[in-house]
Amino acid sequence: MAASGKDDVFTPWTDAGATPLIRIDQVTKRFGDFTAIDNVSLDIYPQEFFALLGPSGCGKTTLMRMLGGFETPSSGVISIDGQDMSSVPPNKRAVNMMFQSYALFPHLSVWDNIAFGLRRDGLDKDRVAARVEEMLKLVQLSQFAKRKPHQISGGQRQRVALARSLAKAPKLLLLDEPLGALDKKLRQETQFELMDIQEKTGTTFVIVTHDQEEAMTVASRVAVMNNGQLIQVETPEVIYEQPNSIYVADFIGDVNLIEGTVSALGEGAELAWAEGRTPLIGQPGAALTKGQGATFAIRPEKIAISADEPQDRRNRVQGKILDIGYLGNLSTYHVELPEGPVVKCEIGNRSRIERRDFTWEDEVWLSWSDTAGLVLAR
Amino acid sequence: MKRLLIGVPFVWLFVLFLVPFGIVLKISLSDIDLAIPPYTPTLEVSDGWAGVAAFFSALDLENYIFLTSDDLYWKAYLSSLQIASISTFLTLLVGFPIAYAMARAAEEWRPALLMLVILPFWTSFLIRVYAWIGILSTEGFLNQFLLWTGVISEPLTILNTNTAVYIGIVYTYLPFMILPIYATLEKMDASLLEAAEDLGCSRMQAFWLITLPLARPGVVAGCFLVFIPTLGEFVIPSLLGGSDTLMIGKVLWEEFFNNRDWPVASAVAIILLLILIIPIILFQRNQQINKEAQQ
Chain X
1 MAASGKDDVF TPWTDAGATP LIRIDQVTKR FGDFTAIDNV SLDIYPQEFF
51 ALLGPSGCGK TTLMRMLGGF ETPSSGVISI DGQDMSSVPP NKRAVNMMFQ
101 SYALFPHLSV WDNIAFGLRR DGLDKDRVAA RVEEMLKLVQ LSQFAKRKPH
151 QISGGQRQRV ALARSLAKAP KLLLLDEPLG ALDKKLRQET QFELMDIQEK
201 TGTTFVIVTH DQEEAMTVAS RVAVMNNGQL IQVETPEVIY EQPNSIYVAD
251 FIGDVNLIEG TVSALGEGAE LAWAEGRTPL IGQPGAALTK GQGATFAIRP
301 EKIAISADEP QDRRNRVQGK ILDIGYLGNL STYHVELPEG PVVKCEIGNR
351 SRIERRDFTW EDEVWLSWSD TAGLVLAR
Chain G
1001 MKRLLIGVPF VWLFVLFLVP FGIVLKISLS DIDLAIPPYT PTLEVSDGWA
1051 GVAAFFSALD LENYIFLTSD DLYWKAYLSS LQIASISTFL TLLVGFPIAY
1101 AMARAAEEWR PALLMLVILP FWTSFLIRVY AWIGILSTEG FLNQFLLWTG
1151 VISEPLTILN TNTAVYIGIV YTYLPFMILP IYATLEKMDA SLLEAAEDLG
1201 CSRMQAFWLI TLPLARPGVV AGCFLVFIPT LGEFVIPSLL GGSDTLMIGK
1251 VLWEEFFNNR DWPVASAVAI ILLLILIIPI ILFQRNQQIN KEAQQ
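Protein chains in written order, with the numbering used here: chain X, 1 to 378; chain G, 1001 to 1295.
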């Protein structure tokens, strides 16, 4: 579509000429004294799979409900497809929502649930039937059409809810914690199904979730929210590898945080973190000045562990193994540095019966490359 | 222990329902007599088997045949059915909006509203019905108020008419209609209505297509809870109704206490019970279906 890159990557947000489907312009929402959404501006492009990610109470659901028309902004404008939505009620929007509780009508069969929205549009019988069958096929539930919602499993209910919200071919589909009620294995399968369906139908999806893994898996872009504000809006890779703040680094995945002060700024930033130790070197984050208090952030899987001092790396610290966690696919080592901080490092278990090189209380060296870590302003 | 637990309700039913039912059934098969008790035969156990045999041979269906010969009785049954049906419908008309408003009220208000619905039960039922006499009579509060506002120039005759009976029944049985409907509406997931709106319904359509069908179990339960006791209602028609208000409960009372014809009165009661069994069975089937639907 808007793919202009040479390798056909879908990145309309980098294309200045692309028109967003949704434009959220300086929107604020207050409930009494509480500010749920604090002056948020955001563009979402057609065919995006956009994730709103944050802890509970961060405002992500409120933002989604405003897109659906169930809440009205206290100030600011939301427009969809160029049209100001402030006075458009939910039943007049080309937006459908998949509710967290699924909100399937308990007195109607699966078939009638999916047909519900189509009938409201006054489609004739044959077209309703054809569309419902198409939707049932899409979510692979054709043989359950006659069942009532309470007669099918949780995973099937989730798919009925999805089919129902997609039946009217909305421009925008909102998904409120769509996989929250499923168990882990089913959730992972369903994530890929969702992506598949999103690709097949070409609908723009906005998903609300507190599960960072889910957001990372499905989304083309992720907006990390906190206290009603957008902290960072980027692709999953950038969110993970280049978080713009300690909050994002800490919220997404595992991270080691070491406090210190910026001692030198050049190609990389140097962070003095302990008396008499060589400074740690990492990529500088935004708005960093020399002498400023900062935090060194390094992902556990980017740290190597060895018995001997690795001479080729500038970032190296010695410590004592405190704990070893065996997770099957990888092992986590908790290494205590003499200065106090405990650093986590993850090593993949690549061969099946691997001799453990290290055990508890061993003195080991941890090392990482100059670009593996980030120095973030506090 | 398990048997004991299961046995308790059976013993309860046996002692408090089946035994009295047997006694009434027996009286309905007896003949009127000027004695204490005012019917014959009575079981003479001292006579041994001959006494038991004599007792059973004296029982007959005379009273039931009598009920069919006098059209007062079937007219009273029909009139009771009619009054019960109409007042159940009226109670539903008044009760549903109240239940709906309660379920839609802010959460912190609901216990107080629920309390207000239950509050009248704290006063004697009889006193409350008597109070309506003071309101509905020709010199009552209602007429005084209407005359004062100038809506009417002549006082209305409401007391001692069927209208007064309907008012009394709707007033008395309203909580039985409100509570089950409120219960179904209150536990309804609010996101269902949002989903309906999201799929293109107006608020009104969402009410007809979602709220009403989901409230159906409560509506049915409420209607039965009003209909069943209303059918045999005696106090309200005798206090508020007129001489032309014909209800089987009133007939029953008159047979027992005015005519002292216990056998005929018992026959009336047995037939009333048989009529009531039909809606009770329907009611239980409805409850069963709901229970299955919830699983």
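Be careful, since some hints might not be right.
With beta-carbon atoms standing in for the labels, derived distance ranges [what the hints assert, rightly or not]:
| id | chain 1 | residue 1 | chain 2 | residue 2 | range |
| --- | --- | --- | --- | --- | --- |
| 1 | X | Glu259 | G | Ala1101 | 54 to 62 Å |
| 2 | X | Lys185 | G | Phe1089 | 28 to 36 Å |
| 3 | G | Arg1203 | X | Ala130 | 37 to 45 Å |
| 4 | G | Leu1004 | X | Leu330 | 57 to 65 Å |
| 5 | G | Gln1284 | X | Leu327 | 51 to 59 Å |
| 6 | X | Ser101 | G | Met1204 | 18 to 26 Å |
| 7 | X | Ala286 | G | Ala1101 | 29 to 37 Å |
| 8 | X | Ala130 | G | Phe1089 | 48 to 56 Å |
| 9 | X | Ser101 | G | Phe1089 | 55 to 63 Å |
| 10 | G | Val1015 | X | Lys185 | 25 to 33 Å |
| 11 | X | Gly32 | G | Ala1101 | 17 to 25 Å |
| 12 | X | Met195 | G | Met1204 | 58 to 66 Å |
These are computed hints drawn from the structure, not numbers from a lab. The C-beta atom is built at its ideal place from N, Cα and C for all residues, glycine as well.
Here's how the hints hold up against the structure:
1. X/Glu259 with G/Ala1101: 54 to 62 Å: holds, 58 Å
2. X/Lys185 with G/Phe1089: 28 to 36 Å: violated, 53 Å
3. G/Arg1203 with X/Ala130: 37 to 45 Å: With a Cβ separation near 30 Å, G/Arg1203 and X/Ala130 fall outside 37 to 45 Å, so the hint is violated.
4. G/Leu1004 with X/Leu330: 57 to 65 Å: holds, 59 Å
5. G/Gln1284 with X/Leu327: 51 to 59 Å: Holds, since G/Gln1284 and X/Leu327 (Cβ atoms, about 56 Å apart) stay within the stated range.
6. X/Ser101 with G/Met1204: 18 to 26 Å: Holds, at about 23 Å.
7. X/Ala286 with G/Ala1101: 29 to 37 Å: violated, 55 Å
8. X/Ala130 with G/Phe1089: 48 to 56 Å: violated, 42 Å
9. X/Ser101 with G/Phe1089: 55 to 63 Å: violated, 35 Å
10. G/Val1015 with X/Lys185: 25 to 33 Å: This hint is violated: roughly 56 Å between Cβ atoms.
11. X/Gly32 with G/Ala1101: 17 to 25 Å: holds, 24 Å
12. X/Met195 with G/Met1204: 58 to 66 Å: With a Cβ separation near 38 Å, X/Met195 and G/Met1204 fall outside 58 to 66 Å, so the hint is violated.
Of the numbered hints given earlier, the model fails hints 2, 3, 7, 8, 9, 10, 12; all others are met.
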